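Here the protein sequences line up with chains A and B, keeping their order. Letter by letter, the first sequence follows residues 0 to 393 of numbering that gives the first Met the number 0. Letter by letter, the second sequence follows residues 0 to 334 of numbering that gives the first Met the number 0.
Once the Cα atoms are required to be at most 30 angstroms apart in a straight line, the calculated DSSO-like pairs of lysine-lysine come out as:
no., chain 1, residue 1, chain 2, residue 2
1, A, Lys282, A, Lys23
2, A, Lys288, A, Lys346
3, B, Lys152, A, Lys162
4, A, Lys91, A, Lys327
5, A, Lys327, A, Lys338
6, B, Lys152, A, Lys386
7, B, Lys152, A, Lys262
8, A, Lys162, A, Lys187
9, A, Lys162, A, Lys386
Hints listed in this document are in silico derivations from the structure and should not be mistaken for laboratory results. Quantities reported herein were computed from a predicted structural model and do not represent experimental measurements.
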Amino acid sequence: MKKLLLASAAGVLIAGAAGAEEIKMGISLGFTGPLESMAPAMRDGAELAMKEISDSGLLLDGSTVTPVEGDSTCADAAAATATVERLITAEKVKGIVGGMCSGETIASLENVAKPNGIVMISPSATSPALSTIEDNDLFFRTSPSDARQGEVMSDIILDRGIKNVAVTYTNNDYGKGLADSFQAAFEKKGGTVTVNSAHDDGKADYSAEVAALAAAGGDALVVAGYVDQGGSGIVRAALDTGAFDTFVFPDGMVGQQLVDNFKSEIDGSFGQNPAAEGEGRDKYVAMAKEAGFDGTGAFSAEAYDAASLMLLAMAAAKSSDPAEYKGKIMDVANAPGEKILPGELAKALEILNGGGDIDYVGATSVELVGAGESAGIYREVTFDGGKMEVVGYR
Amino acid sequence: MDIANALVVFLNFVFIPAAAYGAQLALGALGVTLIYGILRFSNFAHGDTMAFGTAVTILVTWGLQALGVSLGPLPTALLALPVGIAATAALALVTDRAVYRFYRVQRAAPIILVMASVGVMFLMNGLTRLLIGVDEQRFADGARFVINVRDFKAMTGLQEGLALKSTQALTVVVAVIVVWALFWFLNRTRSGKAMRAYSDNEDLALLSGIDPDKVVRMTWIIAAGLATIAGVLYGLDKAFKPFNYFQILLPIFAAAIVGGLGSPLGAIAGGFVVAFSEVAITYPWLKVVGYLFPDWQPGGLLQLLGTEYKFAVSFVILIVVLLFKPTGLFRGRSV
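Generate coordinates for the entire structure from the input sequences, incorporating the hints supplied.
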């Protein structure tokens, strides 16, 4: 009996001391597919945060963090589900940064992450449907809902004196959600949407779609699509036939690729994508430059914040078990507590290990509202002289 | 003025795109109909033959561009085209030797050849993807427009603009030249006459000393040439993506069947019928009608079918023709 007691006590001691583990974190992004040009900078952002925390040696008694990549394809929900399934069951990840697009995120969350109780933080899935989804508190996002983007886009368009617009959206959850929330907001503020029609990605020719949009008319065309896909096709056809010469680009379109595709042909067009200003962002861009990638890429900073939040929540919960740390994500993201900028993750871990509170600001001024999504600051961009310029933040 | 505006809108959004698309379909359908007429089977691999030819042409185009060769206002791809045709013809001949000849010697039923061509289609599908990948490629260079919207508006003072892309003009011009050359070849040359004789009656042709192997070879080479030209023009005008060439097979077959399988003239007519129906049925006529009848305020866009249903139009044409006039407009063979 005495021996048994001793053995148990020793066992407890060893278990306590052996806290350091290898924590695997999944990164499920669309490395191939309609947003493939954005994915690498997002992955680099997430890995930058993981490396920073891993190198500090302060997470859960010196645990290390290993990223595991998976291709969510963005467009193919079945492929994304299979990828997340592999990450969770085969790789045993403790949390996932992803998915990238709304449809695939909904599918992999409902089919795999929720039944397995794994936390997902998406840097870029923006469909309003994700705000109300039944997620067992497992889903968060560091980007705002498109309901908010619809409001911001309406303001930007109306401020430029444009009252009539045609809308075309990519035929999926993201496109439809954004187009509908935009139409609702725009009409409420007194604008008119002449037509709100879908386009399918991957076609050779969009002249028929553009002909329909041109028939309905409008002073500008809102292209809620993807820059690597039908979105650029629509713009090309609209420019060629002279149907529209002013375009409004939401987040799926704004990027260097758009400028490379059209150069000065889209002068006078404008758009917006989620990106905060300020010290956190500047610091992140500098860190990214040092690490050898472009931190200004769309959703790259959001990916950094997604990975940081998850790992800091683990430190706050003193556990890498998703069921334990999922409740801490909102706590570390919001006030009260010490403000944490990019590059200060080690400081954050020290505070958390000491039982203190942090208010993670990160690269995108993270403030999680509602069911765990970013409140949303957008940067307004214009295209002039073949260049994209940031003109303000909203 | 309003009539002129209506006409310009019609030309810009219906006539010009449909004419270019029709010419591309007609060239594709000519290849299909030629093979059907002479080799007596529907070649499902035709779309992917187009893709293969275009892929080779694109690779050569890139090579030429890297060397700094250009044709000025014309796309460099025209220079690369002969290489593409040669490679595609070689591939077609190898395929014939390896696959189709076996069944031809056995005098197998046409349906067996059709099934073999489906196999060849998947093989070429993979080959093209190995060669150039699955992504969209744009390889048009040179001048983009013959007339662009801004210049047209300034020139005429009309409210509506008209754009004529150089690739659209090029498509129609090249198609006219190719069709003329083909008809000249079929009607005036010895080999062309031999091909027509072989198509009319194989046994009689053999009795009169026509070399069947030569006829078959000529057919493949011409079909490969037509496929490559059609593919390159389509790729120049729109964009090259292997999957789209697989999809274009349906309108091409619709065109060939509407015109009458085996009839070259029918293939051309069929190509334009399919193209104009696709565009006209999915085009919203609101703007045109608005100019012609300013007093009439219709509620909708006056669009018969949404643009998503473009492909359905070819299906409907195909079914209607097969039901009511199985030999097609120009009395080809019934299918």
